[in-house]
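Undergrad: One-letter residues, chain by chain:
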Amino acid sequence: QKEVEQDPGPLSVPEGAIVSLNCTYSNSAFQYFMWYRQYSRKGPELLMYTYSSGNKEDGRFTAQVDKSSKYISLFIRDSQPSDSATYLCAMSETGGTSYGKLTFGQGTILTVHP
Amino acid sequence: DAGITQSPRHKVTETGTPVTLRCHQTENHRYMYWYRQDPGHGLRLIHYSYGVKDTDKGEVSDGYSVSRSKTEDFLLTLESATSSQTSVYFCAISGGGTVGNTIYFGEGSWLTVV
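Respectively, the protein sequence lines represent chains X and V.
Quick note: the first sequence uses the numbering used here, first residue 1, plus one each step.
Quick note: the second sequence uses the numbering used here, first residue 1001, plus one each step.
This is chain V alone, in the form it adopts within the complex (with noise of 0.2 Å):
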């Protein structure tokens, strides 16, 4: 168990609506990942950090804003839902370096958007 927590585990949304997904870890690791899960795309990078207010965005970030405020939590937001955002949502942590090297995912995040 990699000390990291998602919530909510699952949800359902309307469209338009705005939603936040929240990453909290206990490792006190530096880096901090959102990715998407989508049949036939693997997984797929939205945003990251690599530090307190230190963020960057990834592969597929468009609709997406992140923020973290505190070491262990990284927020995922999605300002107005569409279907297209339908996904599972999966946190990731890092403590970088040599022996960091690997990272680890949380359990998931289910979102439908109707």
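Just chain X, with the same shape it has in the complex (with noise of 0.2 Å):
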């Protein structure tokens, strides 16, 4: 069994719709999470960070992070073309050089179309 499951889809939509990606984790020492859009060809780049239970909102991206289940959500609002891409959730466990030691789900590709 993986440390981190994400399904990973294909996820199709329409324009406008709410998007929930979620990402469940075995290992109860991470304690940081994070969501990256990756474009195709092109490096993950970093959506939403957080390090705590409960919700972050930035935008039209909502982190969501239960660690009592050990599930983290990301919600997007009003959903775009500009949005399809494939989402990673990433985590990591506290302190030193475990900082950047990221452990990725597969990913799940979103296309949102007009």
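Hints were generated in silico from the structure; no laboratory data involved.
Treat the hints with caution; some may be incorrect.
[As the list claims (entries may be wrong)] What the simulated footprint calls covered on chain X by chain V, stretch by stretch (three residues with Cβ under 8 Å from a Cβ of chain V suffice, anywhere in the stretch; the number is not a length):
1) 64 to 77
2) 105 to 113
[What the hints assert, rightly or not] Computed Cβ-Cβ distance ranges for the label pairs, DEER-style:
3) X:L46 / V:D1062: 24 to 34 Å
4) V:H1010 / X:G54: 18 to 28 Å
5) V:D1054 / X:A29: 19 to 29 Å
6) V:T1071 / X:Q31: 20 to 30 Å
7) V:S1084 / X:S68: 32 to 42 Å
8) V:H1010 / X:I109: 45 to 55 Å
9) V:R1022 / X:G59: 30 to 40 Å
10) V:P1008 / X:S68: 43 to 53 Å
11) V:V1012 / X:E15: 19 to 29 Å
12) V:T1013 / X:L46: 28 to 38 Å
For each residue, glycine too, the CB sits at the ideal point set by N, CA and C.
Taking the hints as your guide, dock the two standalone chains into a single complex.
TA: This is the structure in structure tokens:
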């Protein structure tokens, strides 16, 4: 079993829809949670970063973390065709050289059609 | 733009030949990482560095070596390339600490071993 599970999709939604992307994890030592967006043939781009349970909002994006259930989500409101990309969840443990030692989900391919 | 340059961006090489990928950063960040990305596996950590001459292994380090002689440069070497090392390689950097606890990725190096 992988430490981080993410449904690879693909996910196809109409423009304006609310998108929900999810990851589950098994390692209770994970304390930092990130969502990356990756366009085709580009490097991952950091979207959201959080280290506590609860919600964090940034524009149309909301990251949700439930450490008790080992479950994280990314919600995209009013989705746009420009949101079409692969979304990767990533997690890391705390402290020292653990920074940047990320464990990634497989990524979910999202297509938003006009 | 996180100030990360990877070279070469694309390379085709033959089985058994040595290959070196270079990551150059202009951010003076302490931590540097090499990840590989493959379908069905997401991104996996190969090696990382937490300072000049300080490196350690990641999840998939077999067949790879690294060196960091200057803060700004982190080299990944495939001593004798194999077809299983055909992949996209991403360099990442982070500053560590609370404020810098985010990781930025380069644009990737596409390597094909034939």
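Undergrad: Given a hint of 30 to 40 Å, does the C-beta separation of V:R1022 and X:G59 actually sit inside it?
TA: holds, 35 Å
Undergrad: Can you tell me whether the CB distance of V:D1054 to X:A29 sits inside 19 to 29 Å?
TA: Holds, at about 22 Å.
Undergrad: Do V:H1010 and X:G54 keep their Cβ atoms within the hinted range of 18 to 28 Å?
TA: violated, 42 Å
Undergrad: In terms of beta carbon proximity below 8 Å, does the region 105 to 113 of chain X have 3 or more residues touching chain V?
TA: holds (count 3)
Undergrad: Verify the CB-CB distance for X:L46 and V:D1062 against the hinted window 24 to 34 Å.
TA: This hint holds: roughly 29 Å between Cβ atoms.
Undergrad: Count the residues of the region 64 to 77 of chain X with a beta-carbon closer than 8 Å to any beta-carbon of chain V: does the count reach three?
TA: violated (count 0)
Undergrad: Is 32 to 42 Å a correct range for the gap between the Cβ atoms of V:S1084 and X:S68?
TA: holds, 39 Å
Undergrad: Confirm or reject the claim that V:P1008 and X:S68 have a C-beta distance inside 43 to 53 Å.
TA: Given about 46 Å between the Cβ atoms, the range holds.
Undergrad: Between V:T1071 and X:Q31, does the beta-carbon spacing fit 20 to 30 Å?
TA: At 27 Å between Cβs, range holds.
Undergrad: Given the hint of 19 to 29 Å, check if V:V1012 and X:E15 actually sit that far apart at their C-beta atoms.
TA: About 39 Å separates the Cβ atoms of V:V1012 and X:E15, which means 19 to 29 Å is violated.
Undergrad: Could you check the hint for me, namely that V:T1013 and X:L46 are 28 to 38 Å apart, CB to CB?
TA: Between V:T1013 and X:L46, where Cβ atoms are some 31 Å apart, the hint holds.
Undergrad: Just tell me: holds or violated, for the beta carbon distance of V:H1010 and X:I109 against 45 to 55 Å?
TA: Violated, since V:H1010 and X:I109 (Cβ atoms, about 23 Å apart) do not stay within the stated range.
Comparing the model with each earlier hint shows violations of hints 1, 4, 8 and 11; every other hint is respected.
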